[in-house]
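A.B. asks: Here's the letter readout for the chains.
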Amino acid sequence: MKKWFIKTQNKSSPSGSSDSRTLDPLNPSHISLSSDASTPRTLILHDTDFPDSSFSLQPSALSPDPLTASPVPLTLRKVLLTTAAMLFLLLLTMTVALFIGSADASYNKLWSLLHRTLTPEDPFKIILFQIRLPRILLAGLVGFTLALGGVVFQALLRNPLADPFVLGLSSGSALGAVLGIFFGFSFQIGVPLAAFIGAVATIFIVTSLGGRSLGAESATILLTGVIINAFCTAIIIFFIITATDSRLHSMLFWLYGDLSQSYFSPLVFLGPVILIVSLVLFGFSRNLNLLTAGEETALHLGVEVARTKYICLIAVSLLISLVISFSGLIGFVGLIVPHLARMALGSDHRLLMPVSALGGAIFLIAADTLARIVMAPAELPVGVITACLGAPFFIYLLKKKGSRWERS
Amino acid sequence: MGTILTLKNVGFAYGPLRVLRDINLEIKPGEMIGILGPNGSGKSTLLKILDGILPAQEGSIALYDRPLQKMKRRQIARRIAMVAQENHFRFSFTALEVVLMGRFPHLQPLQFESHRDLVIAQEALSATQVADLAGRPVHTLSGGEKQQVLIARALAQEPQLILLDEPSSFLDLKHKRAIFQLIANLSREKELGVVVVSHDIDLAAHYCQKLILLKQGAIYAQGEPAEVVTKENIEAVYDCPVLVDQHPITGRPRISLVD
Chain A
1 MKKWFIKTQN KSSPSGSSDS RTLDPLNPSH ISLSSDASTP RTLILHDTDF
51 PDSSFSLQPS ALSPDPLTAS PVPLTLRKVL LTTAAMLFLL LLTMTVALFI
101 GSADASYNKL WSLLHRTLTP EDPFKIILFQ IRLPRILLAG LVGFTLALGG
151 VVFQALLRNP LADPFVLGLS SGSALGAVLG IFFGFSFQIG VPLAAFIGAV
201 ATIFIVTSLG GRSLGAESAT ILLTGVIINA FCTAIIIFFI ITATDSRLHS
251 MLFWLYGDLS QSYFSPLVFL GPVILIVSLV LFGFSRNLNL LTAGEETALH
301 LGVEVARTKY ICLIAVSLLI SLVISFSGLI GFVGLIVPHL ARMALGSDHR
351 LLMPVSALGG AIFLIAADTL ARIVMAPAEL PVGVITACLG APFFIYLLKK
401 KGSRWERS
Chain B
1 MGTILTLKNV GFAYGPLRVL RDINLEIKPG EMIGILGPNG SGKSTLLKIL
51 DGILPAQEGS IALYDRPLQK MKRRQIARRI AMVAQENHFR FSFTALEVVL
101 MGRFPHLQPL QFESHRDLVI AQEALSATQV ADLAGRPVHT LSGGEKQQVL
151 IARALAQEPQ LILLDEPSSF LDLKHKRAIF QLIANLSREK ELGVVVVSHD
201 IDLAAHYCQK LILLKQGAIY AQGEPAEVVT KENIEAVYDC PVLVDQHPIT
251 GRPRISLVD
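Protein chains in written order, with this note's numbering: chain A, 1 to 408; chain B, 1 to 259.
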């Protein structure tokens, strides 16, 4: 009975398919078990059930049934090709975003830019490379991290609706930032630092309170996050109410995500850190696959569950704390982008993680470009754009597909 | 062949609650062992201890002469596979992807499944008679099919021992029979050790070579089905009047309820 199980050479042979379709796996007619107590029980496979040795048990390639799509497992090649395609899309988006904005890039300006005839002091050049480029790069890094964080949290908590802020670190970092703005810290160092300290303090509190359950229950962590959220929000409201006009404006912008305060200096540090931590997280991609099937299942299959959860949770939370310190709170990226990637590509995290991360970068660059031009020359917080795009889209998806996250 | 798993005086307690005590057990290749007992008698806990998920707080467990508790999950998963009662697939995976998960303990962290892994997974799907479901998302499968896929995943681990937790619960008569036949055949053909926890005494007595009857965390009786499934044992353990007779064809013990 070893002969009949895989045959790839005649995938397209229609005879193979009809044979296998008629094979009812549980129908005992092709398996008979002698149940006579005097003879040992044996499995008899009647030859007639397998008419020829090149019999194909891959009917899916031929079957019109959409549920039995061709089962091709993930290959490194597919991951690399898809990632390369996403990188290309990202570069394209960045290029387009660079030339869109309230300072119009006329044909002449572009021409002279390409021919290097602009002086370094030309305002157009300054806008492009001193203002827009760092902003696009920051948007890309933030989107990358938020979407990656969404994927990882959704797997760790086995909840497709988890977002990167579930540990309550959004409110922790918001509290830090609001305090920073209230006391007039600089937007280059002071406010991000205060936000980061707030987020890290939250992670510390949540993991030390819910820490014992890291290896088993996720509910305690979620609840702790919710409670911290409520507490921090109350304090934030207090400071917002007592804040003066200009600071109030800054606070509200921070709370809805603001990428306008972008400089090259933090990017030099953010870029490599995000890259390295992402690679470490990618090393856990297959562990995450198994975790989504259940923690006990993952243990049975050989995953060191507690270690995986702990490392991923801490790494992702720190990374997110770091980027939102510079960007403010931007919702929906970590929810929508992984959702789309799942629908298009399935649930394998080896593909899901790079595609979501790059997709998040593309999405946020596009959203921030919109934020720059919708009310030009005035600007919207980018979080307003992501929420305005994200919420209706999400409702549409839920209504159309239900809450189950499946391949379409 | 040597013994796969050896338990000596194993005991376990959840806090002050003693769940298992003085369990002595040897599991050999090609042997199918059924664990019986009423609810709360420690069956599932014993299964988790056999897989090393719960530590044996007393006594010792050896997997081929190596202490189980000193082994990494990956090392254990290459030798012991568990078919647990799991029915929640919140993320969408195809049957083939689920079975390929069984290759996890054999692969390095960033290694992709090779052609050989794919062959092993497809072989496992064929062995459990569900090769034609390879491309189907698991949550669209029926209870019986899902169970077959999970057994295929266990086979893909290429284990020496398979543990099954109530593999036939929620299945109808035909599928119960099919699953137990499948397990019995695999055990015999692949020289696998099999431990199956079951509430169905008849089914276990029909297919297992050896039965273990648990009562309040201790082994009340063990041995061949005819020695274990007796009127006295069943009534003492389950606290319920029964009639035990012989199956007219197989001669195995069979129980019926009496008022």
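These aren't lab readings, by the way, just hints derived from the structure by calculation.
Do not take every clue at face value.
Unchecked claim - Selected chain A positions facing chain B (Cβ under 8 Å, derived; list incomplete):
{"hint": "1", "residue": "Leu157"}
{"hint": "2", "residue": "Pro160"}
{"hint": "3", "residue": "Asp163"}
{"hint": "4", "residue": "Asn289"}
From a predicted model like this one, the values you see are computed outputs, not experimental measurements.
We treat Cβ as the ideally placed atom computed from N, Cα and C, and that holds for glycine.
A.B. asks: Decide, hint by hint, whether the structure agrees.
C.D. replies: Verification of the hints:
1. Among the interface hints, the one on A:Leu157 is violated; its C-beta lies about 10 Å from the nearest C-beta in chain B, farther than the 8 Å criterion.
2. Nearest Cβ of chain B to the Cβ of A:Pro160: about 7 Å, under the 8 Å cut. The hint holds.
3. With a cut of 8 Å, the hint placing A:Asp163 at the interface with chain B is violated, because the nearest CB-to-CB distance is about 16 Å.
4. Here the hint on A:Asn289 is kept, as its CB sits about 7 Å from the closest CB of chain B, short of 8 Å.
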